[in-house]
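One line per chain: the protein sequences are C and X, in this order. Everything in the first sequence is counted per numbering that gives the first Met the number 0, starting at 0 for the first residue and increasing by one. Everything in the second sequence is counted per numbering that gives the first Met the number 0, starting at 0 for the first residue and increasing by one.
Treat the hints as calculated values from the structure; they're not laboratory data. One or more hints might be untrue.
Claimed, not checked - Distance ranges between label pairs, derived from CB positions:
(1) X:D155 - C:T194: 32 to 38 Å
(2) C:T194 - X:A464: 30 to 36 Å
(3) C:W58 - X:D66: 44 to 50 Å
(4) C:L272 - X:P589: 22 to 28 Å
(5) C:W58 - X:V57: 22 to 28 Å
(6) C:L36 - X:L532: 32 to 38 Å
(7) C:W58 - X:L15: 45 to 51 Å
(8) C:G29 - X:F543: 44 to 50 Å
(9) C:P34 - X:D418: 21 to 27 Å
(10) C:A25 - X:P589: 55 to 61 Å
(11) C:L36 - X:P589: 32 to 38 Å
(12) X:P468 - C:I27: 23 to 29 Å
(13) C:L272 - X:F543: 38 to 44 Å
Unchecked claim - Coverage of chain C stretches by chain X, computed from C-beta distances (three or more under 8 Å per stretch; other residues unrestricted):
(14) 3 to 15
(15) 21 to 34
(16) 125 to 132
Stated by the list, open to error - With the Cβ distance kept under 10 Å, some of the chain X side facing chain C (calculated, not the full set):
(17) A371
(18) C531
(19) S569
(20) L609
(21) A635
(22) L636
(23) V638
(24) G642
(25) Y647
(26) I648
Predicted, not measured: the structure shown is a model, and the values here were computed from it. For every residue, glycine included, the Cβ atom is placed at its ideal position computed from N, Cα and C.
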Amino acid sequence: MNTLAQLLAAFVLAPLLSGIINRVKARIGGRAGRPILQTYYDLAKLVRKGAVISRTTSWVFATGPAVSLAATAAALLLLPGPGGPAAIGFSGDFMLMAYCLGLSRLGLILAALDTGSSFEGMGASREAAFAALAEPVLFLCFLCLATDTSGLSLSAMLGTGTDGAMAPQRLFVPAILFVLLLTENSRIPVDDPNTHLELTMIHEVMVLDHSGPDMACIVYGASLKLWLFGALTTLSVLPVRQMPPLSAWGTFLGGMFAVAVAVGLVESGMARLRMERVPRLLGAAGALAALSLVLMVWR
Amino acid sequence: MELFGVSLVLYLLGALGALCLTGREAANRVGPAGALAGSLVGLASVFSTPASAASLFVLPWGLPIGDLALGLDPASRLFLLPVYVLGAACAVSGAASLGGPHEEHCGQDRRGPHWFFFNVLLLGLSLVMAARDAVCFLVAWEIMSLAPFFLISLHDDEVEVREAAWIYLVAAHLGAVCLIAFFAAFWAATGVTGFDALAIAARQGQLPGASLLFFLALTGFGAKAGFVPFHVWLPEAHPAAPSHVSAMLSGAMISAGVYGLWRALELLGPAAPWWGWALLGLGLATALSGILQALAQGNIKRLLAYSSVENMGLACLGLGLGCIGRQTGNETMAALGLAGAVFHVLNHAAFKGLLFLCAGEVLHAVGSVRLAHLGGLGKRLPVVGACFTLGALGIAGLPPLSGFAGELVLALAILSGIDLPGLLPRVGMSGALAALAAVGGFALAAFAKAAGLAFLGEPRTPAAANAAPAGRLALAPLLFLAGCILAAAAFAPMLLSLAGQAALAFPGLDPAPARAALAQAADILQSAGLVCLGIVALTLAVLFLRSRLLTAHGVRREGTWGCGYTAPSSRIQYGAGSFVEPTAKILRLPMGLSRRLDMDAGYFPARGTLTVTSPDQLKLRFFTPLFEVVARTCDALKVVQHGRVHLYILYVLATVVLLLAWKL
Chain C
0 MNTLAQLLAA FVLAPLLSGI INRVKARIGG RAGRPILQTY YDLAKLVRKG AVISRTTSWV
60 FATGPAVSLA ATAAALLLLP GPGGPAAIGF SGDFMLMAYC LGLSRLGLIL AALDTGSSFE
120 GMGASREAAF AALAEPVLFL CFLCLATDTS GLSLSAMLGT GTDGAMAPQR LFVPAILFVL
180 LLTENSRIPV DDPNTHLELT MIHEVMVLDH SGPDMACIVY GASLKLWLFG ALTTLSVLPV
240 RQMPPLSAWG TFLGGMFAVA VAVGLVESGM ARLRMERVPR LLGAAGALAA LSLVLMVWR
Chain X
0 MELFGVSLVL YLLGALGALC LTGREAANRV GPAGALAGSL VGLASVFSTP ASAASLFVLP
60 WGLPIGDLAL GLDPASRLFL LPVYVLGAAC AVSGAASLGG PHEEHCGQDR RGPHWFFFNV
120 LLLGLSLVMA ARDAVCFLVA WEIMSLAPFF LISLHDDEVE VREAAWIYLV AAHLGAVCLI
180 AFFAAFWAAT GVTGFDALAI AARQGQLPGA SLLFFLALTG FGAKAGFVPF HVWLPEAHPA
240 APSHVSAMLS GAMISAGVYG LWRALELLGP AAPWWGWALL GLGLATALSG ILQALAQGNI
300 KRLLAYSSVE NMGLACLGLG LGCIGRQTGN ETMAALGLAG AVFHVLNHAA FKGLLFLCAG
360 EVLHAVGSVR LAHLGGLGKR LPVVGACFTL GALGIAGLPP LSGFAGELVL ALAILSGIDL
420 PGLLPRVGMS GALAALAAVG GFALAAFAKA AGLAFLGEPR TPAAANAAPA GRLALAPLLF
480 LAGCILAAAA FAPMLLSLAG QAALAFPGLD PAPARAALAQ AADILQSAGL VCLGIVALTL
540 AVLFLRSRLL TAHGVRREGT WGCGYTAPSS RIQYGAGSFV EPTAKILRLP MGLSRRLDMD
600 AGYFPARGTL TVTSPDQLKL RFFTPLFEVV ARTCDALKVV QHGRVHLYIL YVLATVVLLL
660 AWKL
C-alpha cells in the first residue's frame, strides 16, 4: 500500500517540482512567474496535439522518447520512499537504477541523431560525454551510503538514518547528489533549461524536433528524473523511515520542496559554466565522494 | 564426448573438402557446410550432457612426451559455446558474402584455402578447449593461432591487410613463446604434462617460482585476449579480416585467452595475494583504455575491436575477483567473479559476433565501414540496423539485455568485497566499482556513436544513399544471433547458473557457500528481470498510446528543423570526430586522438582542413620503435648472410669441427 502511494506520489507530483523551481526563480528575479502547475498544462496540451516529424527520421525517432520515459519510470520502481522500501529491491539495485537512466539517455541520444540535425548531434554528443563522467561519481555516492549503512540495496541505504546519519563524512553525500541532480537534469550551472537555441545547450537542443505526444514523453520523463534525483538527495540526508508515517510523509515532501527551492536559488544566483568547466565540477564532486568514502572505510 | 568427436571429424571433412575443391564454386558450399554441421553437432554435444559432468579420453601418440588427452568439463563446455554458436553463424554469413561471382583477388579464387583454414580454426579452438595435456594444448594452440593468419590475409593484395596479418602473426607467436616457456617450466619442475597431474603437483607445493609462471601465463594468454599493452594486434587485424572472420576471432578466439588464463589459474593452485589484484588492475586498465579508444575510432570495425579489448578486460576483472575471493576465503566473491567472467565472455561473443556481422553487411552494401561515409542506413538496411542497435544495447550493458546481467554479477562480486579487512582492499574494491561505472558510461557513448552515426540521420555519401539491402542468406545468421541474444535476455538467471557450473568446478572453492552465492545472484537477476520486463511493457504501452494519439490528431512530415538555416546538407551533421570532441577535450591522451588544423593565415582564412585521427598510441610510441630497433639489430647480422656459397660451406665445416671438438 505504502509502496503504491510512493509510486503514485512520484508519478503525480513530479511535474510540480519544475513549477516550484520556476516560481522561485521568478520571485527572485522580481517577476510574478508562470503558474506553479504550468508543466501539467503543458503536458495536457502536448498530449492533445498532433506531431510534426522530420522526413529524415526512422522508427528510432518514435521509439526513443517512449523508451526514455519507460526506463525512467522503471527506475522509480527501485526508489524507496517515506512509507517503506521500494517496490522492487535487491543487493546492487542501484546499478540497475543507474543503467535504467542510461537506457533512458540512450533513447534520447539516438532519437536526436536520427534527425540528422547538427544541433541535435551536438546536444547528443555533450549529453553522452557528461553522463559518462557523472556515472562513476553516482556510483561512489551509492558506495558511500552502502558502506555507512552496510546495506547494498537502495531501500537499505536510503532514509533509514543509522546513528551516523549526520556524521561529518556523510554530509558530503547529499551535496554530491545535489550536484549530480543539477548535471543529470540539465540545470544551471551545467546546462540552461530555458534557452532553446543557444549553442551551449545540452538537453533542450536534443529534443528540438520532437513535438506532440513525443515531447510530452520527454517532458514527463524529465520531471520523473528530477523527482528521482530529488528523492535520492532528500532520503540521503533525512531519516524519514524511522519516523511515524504521517510525519515521515511530511518531512519527505518538505525535503523535496527544499530541494526544488535550492535548485531555484542556484539557478538564480549562478551563470552557466563554460563547457570545459563542467568536467572540473564533476571531478570535484568525484574527489569529494572519494574522500568521504575513504573516511567511511577508514572508520 | 562422442558427439564432440563427430564435430571434430566434420570440421576436418569440411576443411579437406574445401581444399580439394579449390577453384570451384562448390568449395564455397562444402567448407561452410562442414563448419555449420560441425558446429551444430558440437552444440548438441554441449547440451546433451549435464553442464557439471566431466569426461576424459586419453590416447597415446608418437611423441616422446605427452598424451593426446581430451576432456570436457564445465569450463570447456561453456567456452566452447561461443565457438559453436559463432562458428555456425559465421560459416553461413561467410558463405553468403563470398558466394556468387567472387571478385577475383590476385587473379585466383582463394575460397578453397579460406574455408580450409576456417574449419581448421574451429578445429583448433575445439581442441584448445578440450585439451587436457600440456603438449596437446600447445599443439592445438598453435593450430588455432596460425589459421587466423591465413584467414586475415584473404585479400592480401591490399597493403593494410598484409601488414595486419603480419602484426597478428608476430603477436600470436610472442604470446606462444611465453606459453611454451610456461608449460616447459611447469614440466621441468614437476616432470608431468597431464593437466590433472600438473594441478596435483602444484597443490603439493612442488612448484618453485609460481609467481614467475603466473607472469608467463598472464603474458602469453594476455597477448591472445588482448590485454593492455598486448592489444595492439586487435585494432589492426579485425578491420583487415573479412567480417565473418572478425566475428569469429573477436567473439570466440580471443576468449581462448581468457580460457587459457582460467586453466593456468586452476593449474597453479593456491594463488599469491598479488595475483588477484594484478588481474583486477590489469582488467580495469584494459577495460578503461579499450573503451576510451573505442570511443575515439571513426571506423566501425576498429571501434568494435577496441570494444573487444574492453570486454576481455572485464572478463579479466572477473578472474581477478575470483582469485582474490579464493585467496581471502570470500567464497561469494570468488564464485560470482568467476561466474561473472564466463557470463561476460558468453555475452560478449553473442553481441560482438552480431555487431561484426552487421558491420560486414554495411561493408558489403556501402563499400566502407568508416563512419564518415555512412549515415541513414537504418532505412535502407532495416534488419541490419535493428540488429546492430540490439547488439549495441547489449554490449553497452544496458537493461533489459543480458549484457546488463553480466555486469551486475561482476558488480555484485565487487560489492561482496567492500568489507574485506584492511583499508587498501576496500579502497581497491570501491575504485573497481567506480571504474566499472565509468566503463559503462563510455561504452554507452561509444555505441551511441557507432549506431547513431552509421544507421541514423542522413547518408553522408552517395554510396550510403544507394546502399542495397542484403540477401536473405546473409540475414539468416544475423537473425539467429539476435534470437540467441533475446533468449539470453529472457533466461539470464539460468544462464548465470550455467556459468556458475564452471565456477563451482574451480579447484580450491568451497562448493556450499559458492552455490548459495550463485543462487542468491540468480534471484537478484530474477528481480532485475522484473524491472526489465517493466521497461519493455511500459515502452510498448507508451508506443501504443502514442500511435492512438497520433492517429487522432494527425502527423505532418517536414524537413528537420534547421534553426533558420535554409540550405542544410548531410555534411553539417555531427560526425565521428565531432561527436567525441567534448570527451576528447578532457581525455585526449588516453583516447589517443590526434587533431590537426591547417588553416590559411590571416583574419579571413579561405581554406581550412581539420584532420582527426586515432592511431594506437602504444603501438605508435612503443611497439613500432621497439621493433625498428629489433629490425636494425637483425639487419646488422646480415653481414654473415652474403650469398657466397663457398663461405657458407666454410660455416658448415667450422660448425662440424667445433661440434666434434666439443664432444670429444
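Quick rundown of the hints versus the structure:
no.: 1; hint: X:D155 - C:T194: 32 to 38 Å; result: 56 Å, violated
no.: 2; hint: C:T194 - X:A464: 30 to 36 Å; result: 35 Å, holds
no.: 3; hint: C:W58 - X:D66: 44 to 50 Å; result: 57 Å, violated
no.: 4; hint: C:L272 - X:P589: 22 to 28 Å; result: 23 Å, holds
no.: 5; hint: C:W58 - X:V57: 22 to 28 Å; result: 56 Å, violated
no.: 6; hint: C:L36 - X:L532: 32 to 38 Å; result: 33 Å, holds
no.: 7; hint: C:W58 - X:L15: 45 to 51 Å; result: 47 Å, holds
no.: 8; hint: C:G29 - X:F543: 44 to 50 Å; result: 46 Å, holds
no.: 9; hint: C:P34 - X:D418: 21 to 27 Å; result: 51 Å, violated
no.: 10; hint: C:A25 - X:P589: 55 to 61 Å; result: 44 Å, violated
no.: 11; hint: C:L36 - X:P589: 32 to 38 Å; result: 47 Å, violated
no.: 12; hint: X:P468 - C:I27: 23 to 29 Å; result: 58 Å, violated
no.: 13; hint: C:L272 - X:F543: 38 to 44 Å; result: 41 Å, holds
no.: 14; hint: 3 to 15; result: violated (count 0)
no.: 15; hint: 21 to 34; result: violated (count 0)
no.: 16; hint: 125 to 132; result: holds (count 7)
no.: 17; hint: A371; result: 14 Å, violated
no.: 18; hint: C531; result: 8 Å, holds
no.: 19; hint: S569; result: 7 Å, holds
no.: 20; hint: L609; result: 15 Å, violated
no.: 21; hint: A635; result: 49 Å, violated
no.: 22; hint: L636; result: 50 Å, violated
no.: 23; hint: V638; result: 55 Å, violated
no.: 24; hint: G642; result: 59 Å, violated
no.: 25; hint: Y647; result: 62 Å, violated
no.: 26; hint: I648; result: 67 Å, violated
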